[in-house]
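Colleague: Next come the chains, spelled out residue by residue.
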Amino acid sequence: MTDHALVHDDHEHGPDPRFFWRWLTTTNHKDLGALYLWLSLLMFLVGGMMALVIRAELFQPGMQLVRPEFFNQMTTMHALVMIFGGVMPAFVGLSNWLLPVMLGAPDMALPRINNWGFWILPFAFTLLISTLFMPGGAPAGGWTMYPPLVLQTGPAFPFLIFAVHLLGISSIMGGINVIATILNLRAPGMSLMKMPLFAWSWLITAFLIIAVMPVLAGAVTMLLTDKYFGTSFFNAAGGGDPVLFQHVFWFFGHPEVYILILPAFGIVSHIIPTFSRKPLFGHASMVYAMAAIAFLSFIVWAHHMFTVGLPLAGMLFFMFATMIIAVPTGVKVFNWTATMWRGSLSFETPMLFALGFVFMFTIGGFSGLMLAMAPVDFQYHDTYFVVAHFHYVLVPGAVYSIMAAVYFWLPKWTGHMYDERLGKLHFWLSTIGVNLTFFPMHFSGLAGMPRRIPDYALQFTTFNQISTVGAFMFGFSQLLFVYIVIKCVRGGQKATAQVWEGAEGLEWTLPSPPPYHSFTVPPVVH
Amino acid sequence: MIGKRMRGIWESTILAATLAGVGIGSAHAELRYNMPEGVSEISRNVHSLHMAMFWVCVAIGALVFGAMFYSIVRFRKSTGAQPAHFHENTAVELIWTAIPFAILVVMTIPAAGLLIKMDDTSQADLTIKITGYQWKWHYDYLDQDVSFFSALAQDSNAARQLGAQIDLKSVDHYLLNVDHPVVVPIGQKVRFLITSNDVIHAWWVPDLAVKKDAVPGYINEFWTRIDVPGIYRGQCAELCGRDHGFMPIVVEAKTPEDYAVWLEAQRAGKGTQTAMMNEPALAAAR
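Sequences listed follow chains A and B, in order. Sequential numbering of the first sequence, starting at 1302, is according to our numbering. Sequential numbering of the second sequence, starting at 2, is according to our numbering.
Since the hints were derived computationally from the structure, they do not count as laboratory data. Given the structure is predicted, the values throughout are model-derived calculations rather than measurements. A couple of the hints might just be wrong.
[Claimed, not checked] Covered stretches of chain A (in silico footprint by chain B; criterion: 3 or more residues with CB under 8 Å from a CB of chain B, positions within the stretch not fixed):
1) 1607 to 1618
2) 1652 to 1665
3) 1674 to 1680
[Stated by the list, open to error] The following residues of chain B were derived to be distant from chain A, with all beta-carbon distances above 10 Å:
4) Gln-124
5) Ala-125
6) Phe-150
7) Tyr-260
Ideal Cβ placement from N, Cα and C applies to all residues, glycine included.
Given these sequences and hints, build the entire structure.
Modeller: In structure tokens:
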């Protein structure tokens, strides 16, 4: 293998000089990683604007700005854009950029698949977002697409289904590429248990993706044939079953939430040891915990459906199974805490975001534990308490981990240090904003406010006003993030190869920025 | 007693901290920020389980966040902390796997018991069939010859239109009032059967701690036994299209005597509104 790589030293060329051609045809993992990350930043801002429309309408009771049907389009599109456009491509982008340099490989294992996987996405999102301009508007039945409601969607319906298919295909190709890369391109001496945790988290995530994305594709295809081809999979009048869709959807949907959080676990497991100047506590138990979480994620789906009329035995099983997930998740949080214990801590921006992740993800974990208890979930289900829960695990959870990763590896990617002062400002503005937005939602939900409503009774006013103020603060703080990233890409203090005093791993042995083809000669890991 | 007062102090502290954060005062006297204890034995059990789980989370959070804050304050590089090099400890790892597991097992016991109680709809004194429509509810008192639709009250409906210039405070229970409440007797086990005529809805009244989906083609059931006469309000809890936010639920609980009088008046009065003739299943076929 070493000889083979040496023979192919004609790969030492740079990118194609023609701008458009370079980015369209590139098979380079760094170029594609950058494309994925820029696309996800764009989608994060688009989805964020939709969230601000929602929050603006909810600033006070009464309908002031939008019609209820448009409000429902915003909630639906916000979720689809953020999940499939904001978070997933960001993690795929990070895997592209980081896996070869962490594993000691020249590139991803399947570079052409990689190109295709990315370039499907702009078309998918064009289709999806174009539905906003169609007669009848965008899909408004919620991102969960429950029939029969979703079948009332107008001309936007087939575009929704096709966009979801494309997004699924792209994710599957990304997942296959990650598995092929990790299993085949590790440097000599890097056994699986020596592998960095980000790679581990992505290996497990990739298996989840290829297991459940086809299930989602199947579910939405059945919706399509129910609407246009006279089938009755989910139509009670034709002998079908509307609840079947929910079972199939959440069989995809619950592993999906771990697809959105496992890579975050990996990222944080790199950043906390670096800035604690101490090795990660419990490397092996971190791997086992992620594997356990991934396994359990397949047998808890019906906890999203406690009110749908499940048999008692079903509710008991899904309640117990869901609560068990708290054990491996708890182990991870304890391990991060133990890593900091008796370390030598410093608080650069990536560490701030990683710590924010651990704190606020844990808050989301607590509300998750409460939601797991079926008899009490009847009160929480489909209220703002649930909205608070999943935004705590997704925004200061998944999104914070992505931002932590960007700050952590940006000097490696660009060769420049970002502006530390602005980075910290971005962290504190975001953290105040995100908590103002989502913490009051616990209260409004418990007090009785259902989710997905465009208008509310007067007693919910105070908490909604706080949420709206926080949402605008969080939203506009992200423009600072865009400025910091662009400023860093364009220049700044030169970064060393090591970048961070406590950084460990193969990527820090490469110069900053690394050569176009990362490791043309595999390093030997001892 | 002390526990209850402490709880009150805690909740007010958290709330005050949240409110002080942006300086928006409470404009409404009836600001609620926790799950209601409700008016049935079940709803009180649900509330206690909710609070128990909340305090378990607070206790675990105090330990974990305490350890993290301690590390952040105590082990700073800027104050000369030297890093240790330990990176595993099998005993500790086993302990913090086993203890959370034990806590969860303990918590699931009352939860399972309560769930079994909530699931038992047998021996009901009275059965009411609920049908969800886009966007109103239909109530049918089985074998009583009483049935009617219940939709958002007119004044709320006028005030909620885009650009309506109506002072919402002048509207009686804005968005939580209906033209025709469902009336039930207190002290009796009322069983509800629920289905839908079109899309999925969910019938939710927080004070009763009941929430159940209305699914076309299915008949789900649930029950309540209300202790206190009064008016209890709720909303549709499953996205059901354009006016999902505008199909509230109002339950009026009367003494059995008043209930009997009401039932008689319904029979004698304007007659019963019958549900639209199309079968639930047929509508779903559209």
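Colleague: For each hint, tell me whether it holds in the structure or not.
Modeller: Evaluation of the provided hints:
no. : hint         : result
1   : 1607 to 1618 : holds (count 6)
2   : 1652 to 1665 : holds (count 5)
3   : 1674 to 1680 : holds (count 6)
4   : Gln-124      : holds, 17 Å
5   : Ala-125      : holds, 17 Å
6   : Phe-150      : holds, 20 Å
7   : Tyr-260      : holds, 25 Å
Checked against the numbered hints given earlier, this structure breaks none of them.
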